[in-house]
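Undergrad: Hints are included, so try docking the two chains, each in its own frame, into the full complex.
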Amino acid sequence: MSYVSEANTFFTVLTVLANVAFVVLLLVGLGALLGAAPRRAAQRLASIVGPRASVIALVVAAVATAGSLYYSEIVEYIPCELCWYQRICMYPLFAILAVGVIRRDRAVVWYAAPFVVFGAPVSLYHWLVERVPSIAESSECSVFAPCSVPYFEELGYVTLAFMALSAFLLIGALLITSIVGSGTPRKAVA
Amino acid sequence: MSSSMCRSRILASLVAVLTLVAVAGVAAAPAGADQLDDERSPKVTVKGKKLAASDDIGTPDDPAIGKTAPTLRGRSLSGEKLTLRNDGTPRILIFLSHSCPHCQAEVPRIVEAAQRGELEGVRIDTIATNTSKRLPNWPPSKWLREESWPFRPVFADDDRLRAFFAYGGEAFPYFVFVDADGKVAGRVSGELRAGALAEIARRLAAGDPLFEDSGSR
Chain A
1 MSYVSEANTF
11 FTVLTVLANV
21 AFVVLLLVGL
31 GALLGAAPRR
41 AAQRLASIVG
51 PRASVIALVV
61 AAVATAGSLY
71 YSEIVEYIPC
81 ELCWYQRICM
91 YPLFAILAVG
101 VIRRDRAVVW
111 YAAPFVVFGA
121 PVSLYHWLVE
131 RVPSIAESSE
141 CSVFAPCSVP
151 YFEELGYVTL
161 AFMALSAFLL
171 IGALLITSIV
181 GSGTPRKAVA
Chain B
1 MSSSMCRSRI
11 LASLVAVLTL
21 VAVAGVAAAP
31 AGADQLDDER
41 SPKVTVKGKK
51 LAASDDIGTP
61 DDPAIGKTAP
71 TLRGRSLSGE
81 KLTLRNDGTP
91 RILIFLSHSC
101 PHCQAEVPRI
111 VEAAQRGELE
121 GVRIDTIATN
131 TSKRLPNWPP
141 SKWLREESWP
151 FRPVFADDDR
161 LRAFFAYGGE
171 AFPYFVFVDA
181 DGKVAGRVSG
191 ELRAGALAEI
201 ARRLAAGDPL
211 FEDSGSR
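Protein sequence lines correspond, in order, to chains A and B.
With the first letter of the first sequence counted as 1, position 117 gets the number 117 in this note's numbering; the numbers rise by one all the way through.
With the first letter of the second sequence counted as 1, position 186 gets the number 186 in this note's numbering; the numbers rise by one all the way through.
Looking at chain B on its own, in the form it has when it is part of the complex (with noise of 0.2 Å):
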């Protein structure tokens, strides 16, 4: 064998070990994924009218009442794209912030509602925002790992918050509850009293008024 057609194996052999790393790395990756290293999205984008900010967030005065929920994309916390949009199902969308307490005490409180089944029917639609490393408790993937967080996949909001504003946000934990045909029926922020948000689920998936006096909304 000549000292070329040798070099040539050995080249073609290098080639094919380089191709076969190349193909078994991109195989391995899920499709979309690209690892948060801070658990923000790079740049939320918003489809549709924002919702505006309101003193009457929690009451049936909410301006945000029948208006359609804005759809985000983004990327989930562990870097695959995601969109929040609506589908027909009714949703809850829950914004928290790792470093809240208030987050902090809810979250178990929703786990357990989840667990006892209390919130079938509709959608959890779960937005990690105010997510900063300088801030405690980060990541919030850990933390909600930690919690058994049982709603993946879990939108990353971005460093402007542009998901939490989207939706009229102003405090954490922060909860805007979506009807199956896409319009807002109520928001609410802080933490909620017991039993307050599986009775706002069964309303929502029996497509019945958050308030009592907002049926004509």
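Chain A with its partners taken away, still in its complex shape (with noise of 0.2 Å):
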């Protein structure tokens, strides 16, 4: 049993905690810019995070590693174009920040960052391709997983490009955290 309906319901609410988590990240970032009071709070909770924000990212890229090989190769969907350009994204990313928490290297931070930064795009590129079909300029679904079409959708908008989506905005919230609440990245001494 593949417990399709379960995974769907742990992932959607994993998805929304994530996504509270970066938009909490964004806002105190954000405030940190308006005073000195809010840039007090921000690197508080900066020093508080940074130093684990590696650590953090790492289980977030692990659970979406898992999550893609279990909808893959458990319940057998098949990864669509845009999903496999989101997988080259976020496996490599596991595995760099496995090798940057393992090594204690803060310096990870930038070897994992053009990861993020070209996965997140893609990510809201095929959510907005399963919103809006028309976005692709494609007028037809092709018979080999179509990107178009997500396999599940929860709470209206959770697909599993916006669980990418998620992963890789609350990754990239938390290496620029790692960065603010740990000074300036360098190379541990091994």
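Treat the hints as calculated values from the structure; they're not laboratory data.
Idealized CB from N, CA, C, for every residue including glycine.
Worth double-checking, as some hints may not be accurate.
[Stated by the list, open to error] Distance condition first, Cα-Cα at most 20 Å in a straight line; then the derived DMTMM-like pairs of lysine to aspartate or glutamate:
id, chain 1, residue 1, chain 2, residue 2
1, B, 50, B, 158
2, B, 67, B, 55
3, B, 50, B, 87
4, B, 142, B, 158
5, B, 67, B, 181
6, B, 133, A, 153
7, B, 133, A, 154
8, B, 133, A, 76
9, B, 133, A, 6
10, B, 133, A, 73
11, B, 67, B, 212
[Said to hold, decoys possible] Sample of chain A residues with no beta-carbon within 12 Å of chain B, all distances over it, derived:
id, residue
12, 35
13, 45
14, 70
15, 85
16, 91
17, 99
18, 104
19, 107
20, 110
21, 182
TA: Shown next as structure tokens:
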């Protein structure tokens, strides 16, 4: 049994939590630009989250990778073309963050950043194509896993593409928090 | 009355009632009907040579043009046995996938064209393909009913999309135009521009080629 419905609910809850965490980090970051008091609050939050940010980002990437593999290998959802581009960004992200965390290398932020920078827009585009199929200059659905047809949709908007987008955004926000909360990243002395 | 006679009468009455129930049940079921839980034919059989997929679909160079359209045998969405074959009437085979947003966009336009009488003179054979409970907008019967799809019965493709692949399909919605001789006059996939289907139907019904330079085919 693949427990698809339960898995959908589980990953949807994680997605919503990731969204909440991302919005909190974003608002705190934006608030820091407004004045001294919000900046102090942001610095306090960054000092708490920053040193752990890489580990949290690794957990997010691990869950995203596991979820991706679960849906393709156990539930047997065939990944579409855009899904593959997101996988190309997410899977190495997990490996790079894992190595960075194990080696306590704060510079891992810079190695991981490009995957977030490329992955998040692809996820956003994919999610928009699911919302408005005409965005993808095609008037047809390929029989081999069309990008415009989500396998499921929870809460009216949470699809696999949105889950990936949420993961990329949260990882990105955590990487920034890692820089802010830990000072200038530099390679740890082994 | 002896007790054995009484038992015999009760037994006879019971047999009579059961027989009546069985006869009524058989009579109520449509001939050949076999409810499809997943709205897919158990297995579609294809008679005749399958049409090849091609990058030239939608152009006069489509290699299927002039080939005989294969016959499809399977079930309708409601479970009745159904055969789609050439019978001397120009036909448009429309392959639709319930989960495909482009099919969902195209269906109302076809319904409107039919309501305006623009598809007169051709027979529309609808094939519900790529049907899966896992995909959105399932089941296709409900979707088409809600869209007031006028072309019944709808042929149910099977789990291996044998009907779709027999006609060389690669994407939905997929249209195959068959002339009165049973030969393929053209194929196209994707949403059609406004009025295109009506124009194609008019040409098919009149026996005109669909492409200006394919008259020799």
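Undergrad: If a hint holds in the structure, say so; if it does not, say that too.
TA: Each hint, compared with the structure:
For the hint linking residue 50/B to residue 158/B, the alpha-carbon distance of about 16 Å falls within 20 Å, and the restraint holds. For the hint linking residue 67/B to residue 55/B, the alpha-carbon distance of about 17 Å falls within 20 Å, and the restraint holds. Between residue 50/B and residue 87/B the CA atoms are separated by roughly 18 Å; this keeps the pair inside 20 Å, and the hint holds. Annotation: proposed proximity of residue 142/B to residue 158/B holds, straight-line Cα distance about 18 Å (limit 20 Å).
A distance of roughly 10 Å separates the Cα atoms of residue 67/B and residue 181/B; the hinted pair therefore holds under the 20 Å criterion. Of the pairs offered as hints, the one joining residue 133/B and residue 153/A holds, with about 14 Å between alpha carbons and a cut-off of 20 Å not exceeded. Of the supplied pair hints, the one linking residue 133/B and residue 154/A holds, its CA atoms being roughly 16 Å apart against a limit of 20 Å. Distance restraint check for residue 133/B and residue 76/A: the Cα-Cα separation of roughly 14 Å lies within the 20 Å cut-off, and the hinted pair is therefore satisfied.
As the CA atoms of residue 133/B and residue 6/A are separated by approximately 17 Å, the hinted pair is consistent with the 20 Å bound. For the proposed pair residue 133/B and residue 73/A, the alpha carbon gap of about 19 Å is at most 20 Å, so the pair holds. Proposed proximity of residue 67/B and residue 212/B is supported: the alpha carbons are some 18 Å apart, at most 20 Å. Distance check on residue 35/A: its Cβ is at least 47 Å (rounded) from any Cβ of chain B, clearing the 12 Å threshold; non-interface status holds.
Taking the minimum C-beta to C-beta distance to chain B, about 40 Å, the non-interface status of residue 45/A holds against the 12 Å cut. For residue 70/A, the condition that its CB be more than 12 Å from all CB atoms of chain B holds, with the nearest at approximately 15 Å. With 12 Å as the threshold on Cβ separation, the claim that residue 85/A sits away from chain B holds: the shortest Cβ distance comes to roughly 20 Å. The claim that residue 91/A is not at the interface with chain B holds, since no C-beta of that chain comes within 12 Å of its own (minimum 24 Å).
The Cβ of residue 99/A lies farther than 12 Å from every Cβ of chain B, with a closest approach of about 37 Å, so its non-interface assignment holds. The Cβ of residue 104/A lies farther than 12 Å from every Cβ of chain B, with a closest approach of about 44 Å, so its non-interface assignment holds. No beta-carbon of chain B comes within 12 Å of the beta-carbon of residue 107/A; the shortest separation is about 43 Å. Interface exclusion of residue 110/A from chain B stands, the closest Cβ pair being 40 Å apart, more than 12 Å.
The claim that residue 182/A is not at the interface with chain B holds, since no C-beta of that chain comes within 12 Å of its own (minimum 44 Å).
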